[in-house]
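Trainee: Sequence:
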Amino acid sequence: MAPSTNDQEDFLLSCRYGDLDDVKQFIDSFGAAAAAGIHDDNGNTPLHMLCGNGHVDVLDYLLPIIPPSMLSAQNDAKSTPLHWAALNSHLGVVKKLVEFPGGPGVDLIDIKNAAGRSPLGEAELAGWDEGAQWLVQMMKLDPGDVKEGEGDETNEGEDVSVGPEGVDIEIEDADGQMAKMRIDGRS
1020 MAPSTNDQED FLLSCRYGDL DDVKQFIDSF GAAAAAGIHD DNGNTPLHML CGNGHVDVLD
1080 YLLPIIPPSM LSAQNDAKST PLHWAALNSH LGVVKKLVEF PGGPGVDLID IKNAAGRSPL
1140 GEAELAGWDE GAQWLVQMMK LDPGDVKEGE GDETNEGEDV SVGPEGVDIE IEDADGQMAK
1200 MRIDGRS
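Count along the sequence shown starting at 1, add 1019, and that's the number in this note's numbering.
Please note that a few of the clues may not be correct.
[Unchecked claim] Derived Cβ-Cβ restraints for the label pairs, each shown as a range:
1. 1086 to 1029: 16 to 26 Å
2. 1134 to 1041: 27 to 37 Å
3. 1088 to 1048: 18 to 28 Å
4. 1129 to 1062: 17 to 27 Å
5. 1111 to 1051: 19 to 29 Å
6. 1091 to 1111: 14 to 24 Å
7. 1145 to 1020: 39 to 49 Å
8. 1080 to 1124: 12 to 22 Å
9. 1120 to 1076: 28 to 38 Å
10. 1159 to 1043: 19 to 29 Å
[What the hints assert, rightly or not] Below, simulated BS3-like cross-link-like pairs (lysine-lysine); rule was C-alpha separation at most 30 Å, straight line:
11. 1115 to 1043
12. 1159 to 1097
13. 1114 to 1131
14. 1159 to 1114
15. 1043 to 1097
16. 1159 to 1131
17. 1097 to 1115
18. 1114 to 1043
19. 1097 to 1131
20. 1114 to 1097
21. 1131 to 1115
22. 1115 to 1159
If you are wondering where the hints come from, they were derived from the structure by calculation, not from laboratory data.
Note that the Cβ used here is the ideal one computed from N, Cα and C, for glycine as well.
Could you build the full structure based on these sequences and the hints that come with them?
Mentor: Have a look at this one:
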């Protein structure tokens, strides 16, 4: 039996508000495949709802049973659940999305939304330094592109230099502003 429109809307709300019991009841009644096909009028999936609101317990329950493709699902504004987690400063959720085995992994960090911002860009825009630093540490930086003591272009808009104290990174955001960050490995 397929879930009704009301069942689907209730499921989205359960994810939005972090009602784990209702989420489990939906999955028990309709299965994980039914959950994977649900979205609201703006293209937001259950993962958008729970990630944007920081519901780690619901995420822990759903991640092993939903298709990994849901992690990179984009809404109508081309934002992924990781964009929403970063925008709302939910480090536990950000880590689980990026580190989920079998998921897209660090490639999630490179997905840009319709505004041209990656999840890292959303974290920076929100002024969330802790999340931005964690995302930068997780990014794929090719060691062959980094030269000791000097900057070298690694990706468009990114400048990385390595010194004895750590790595300095400059990233150009969608508005052309440069964000600077140091990763020293001691934190």
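Trainee: Which numbered hints are broken by the structure, listed smallest first?
Mentor: Hints 9, 10 are the ones this structure does not satisfy, whereas the remaining hints hold.
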